[in-house]
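Student: Here is what each chain is made of, one letter per residue.
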Amino acid sequence: MLLKRLFPVIGFAALAIAVQLGAGALGKEFYLTQLTMAIYYAIVVMGLCLLMGFAGQVSLGHGAFFAIGGYTSAVLTTSDFSRFQDSLWAAALKRIHVLIPKADLYGGQVLTTTPWAAFVAAMLLTFLIACLIGYPALRLKGHYLAMATLGFCLIVNKIVLGTAWLGAADGISGVPEWNLAGGLVISGRSAVRVQNYYAACALALFLLILLANLVHSRVGRALQAIHDRETAAGAIGINTARYKLNAFVLSALLAAAAGVFLTHYTAGIGPSEASALKSVRYVALAAAGGMSNPWGAALVSTAINFLSLRGWFGTYDNAVFGAVLILIISIAPQGPLKPLGLWIRRLLSGARSAAGGEHAAS
Amino acid sequence: MLLQVKNLRCGYGSLEVVHGVSLHVCAGEIVGLLGANGAGKSSLMKSIIGLMAPWHGGVWMNGRRVAGQPAWRSISNSMVLVPEGRQIFSDMTVRENLLMGGYHNPDRGMDLDMVLDRFPRLRERIAQVAGTLSGGEQQMLALGRALMARPKMLLLDEPSMGLAPLMVEMVFAEIRAMRDLGVTILLVEQNATATLQIADRAYVMESGEIILEGEAAELLHNPEVKRAYLGKGYKEVWE
Ligand SMILES: Nc1ncnc2c1ncn2[C@@H]1O[C@H](COP(=O)(O)OP(=O)(O)OP(=O)(O)O)[C@@H](O)[C@H]1O
Ligand SMILES: [Mg+2]
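Top to bottom, those sequences are chains A and B. The opening position of the first sequence corresponds to residue 0 in numbering that gives the first Met the number 0, with each subsequent residue numbered one higher. The opening position of the second sequence corresponds to residue 0 in numbering that gives the first Met the number 0, with each subsequent residue numbered one higher.
To be clear, the hints were calculated from the coordinates, so they are not data collected in a lab. Hints should not be assumed to be uniformly reliable.
As the list claims (entries may be wrong) - Partner residues aside, some chain A positions facing chain B, computed with beta carbon under 8 angstroms:
| no. | residue |
| --- | --- |
| 1 | Arg-220 |
| 2 | Asp-227 |
| 3 | Arg-228 |
| 4 | Thr-230 |
| 5 | Ala-231 |
| 6 | Gly-233 |
| 7 | Ala-234 |
| 8 | Gly-236 |
| 9 | Ile-237 |
Glycine is no exception: its CB is placed at the ideal position from the N, C-alpha and C atoms.
Full structure from sequences and hints, please.
Tutor: As structure tokens, then:
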């Protein structure tokens, strides 16, 4: 049982190491950059798995949550707060190291937010917004959340595009590196490429284990019950609205966290991250991996996003994601990995029984 | 009086389907609620339990007003609904279904054994995925799941729906046995004869209103019951 639980963890870790060694041996270490980005995007998809596969709700606004995370970090870490230098709150924030003085490009002194503080701010803001959207939408049965989040995503996209201090159509660049802890820096510099690849892998693996535990807990059972039979779940005393809201908020937080990490990694963020099309992509990827299988979703999403980031799909990029969604829904609605696994198992047991048959005959 | 419903009105959108219903259930009773398709029985159950907000009137459980509370709170009033169509969790095993029923019951491990003793068929199939059970077994599971919450009051919505006669008999025997355990029962049914045979009292509902009430033994021989049950047009069709 324990082995069965550990199997995917070990498998993923081994795969991550194999890919890095393989890329190094082939002299294609630069692949790891896009791979790291794809892994961060996969974190958004993992959160969607929780929401779609277990709570049975769809969000068409996860791109917006990703953007809220990224933009909050970007704005706070690139803005200069030195004109508030003498105010009480700035002094207080300076004392607890939320604001730090730094030299800018031209040697002047600026006062900016530390990435860690910006990360916390991004999480708080996302939490607040997700509660505001989710609370009314999830008290109703049905797919109101999908509509509410789609509207929200369109609004966020328009706000970003129309706001000068959010960089409008250009987005925000020059986001500093994030010194996580113990010399680990989230940054796209090639010197720390391998280190960052493993950091992203470790984060994704940690979150996957967390999700797997959540799903197998009492909370996960309750979510599954709501997904299956909402009326009956309510009748046995499960606070359905509350559980759905918790799942939604948690998945929004994962999307925002991914946004923060990727923004530091690529040193910037643009308005396309908040587009509705991006949100639909995440939904397609969650479906492609098998919604109630975060492991599969993480794998499939990383692979497809990697190819997309490498430009494989060219101008058909968005069409590919649409096609993936259609194919999965029509051929393998539970995701491609489960049928594949069953097929392999059948093949193995077929081979085994054939071998056993020969043995008996001889 | 364990459950009291006074002048309750409810509906969907702007359409009212229950037009001011009053009824009561005393502790230890089996009370039947009969009526044709679309009479509003399930809607009434849903607003008693809190799955639907009543528009008017009230529901009292043990003298405490409960109407308007969300459904999940009904469990703390020791009231459990077995919904129409069983609504078992089809992807979970029998055991998981039963444990879900005791979601708020700290002694669910112990009660699981008690329920399995009552339903040996469920014990045999404890690890089976509930969606693959037969209709009768699913109904047993729905009853067992409800018992896991240790209810004082059970609301059963058409437990005999879609079952073969032998299975119906079993389910009704089970309902009587649950009453003997001390559980009070409000039983919604279309199967009038079987219901009136095990019930103490009954109400007959038609088009969202109670049109008849009385001792079950009396109603059993009342031709009005049949008329209400078969609908207004029955005279032309049947005579
Ligand atoms: N979700 C709903 N939305 C709109 N109208 C509904 C809904 N559910 C039930 N109704 C309507 O309310 C009326 C009463 O339905 P209800 O299910 O309460 O009847 P019932 O007595 O339980 O019938 P049955 O014996 O067939 O279960 C019907 O006219 C039905 O069409
Ligand atoms: Mg009904």
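Student: Now, for every hint given, state plainly whether the structure supports it.
Tutor: How the hints compare with the structure:
1. Arg-220: Holds - the Cβ of Arg-220/A comes within 8 angstroms of chain B, reaching about 6 angstroms at its closest.
2. Asp-227: holds, 5 angstroms
3. Arg-228: Holds, because the Cβ-Cβ distance from Arg-228/A to chain B comes to roughly 4 angstroms (cut-off 8 angstroms).
4. Thr-230: holds, 5 angstroms
5. Ala-231: holds, 4 angstroms
6. Gly-233: Cβ of Gly-233/A sits 4 angstroms from chain B, so the hint holds.
7. Ala-234: At about 4 angstroms, which falls below the 8 angstroms cut-off, the nearest Cβ of chain B leaves the hint on Ala-234/A intact, so it holds.
8. Gly-236: Interface hint status for Gly-236/A: holds (3 angstroms vs cutoff 8 angstroms).
9. Ile-237: This hint holds: Ile-237/A lies near chain B, its Cβ roughly 6 angstroms from the closest one there, short of 8 angstroms.
The structure is consistent with each of the numbered hints, conforming to all of them.
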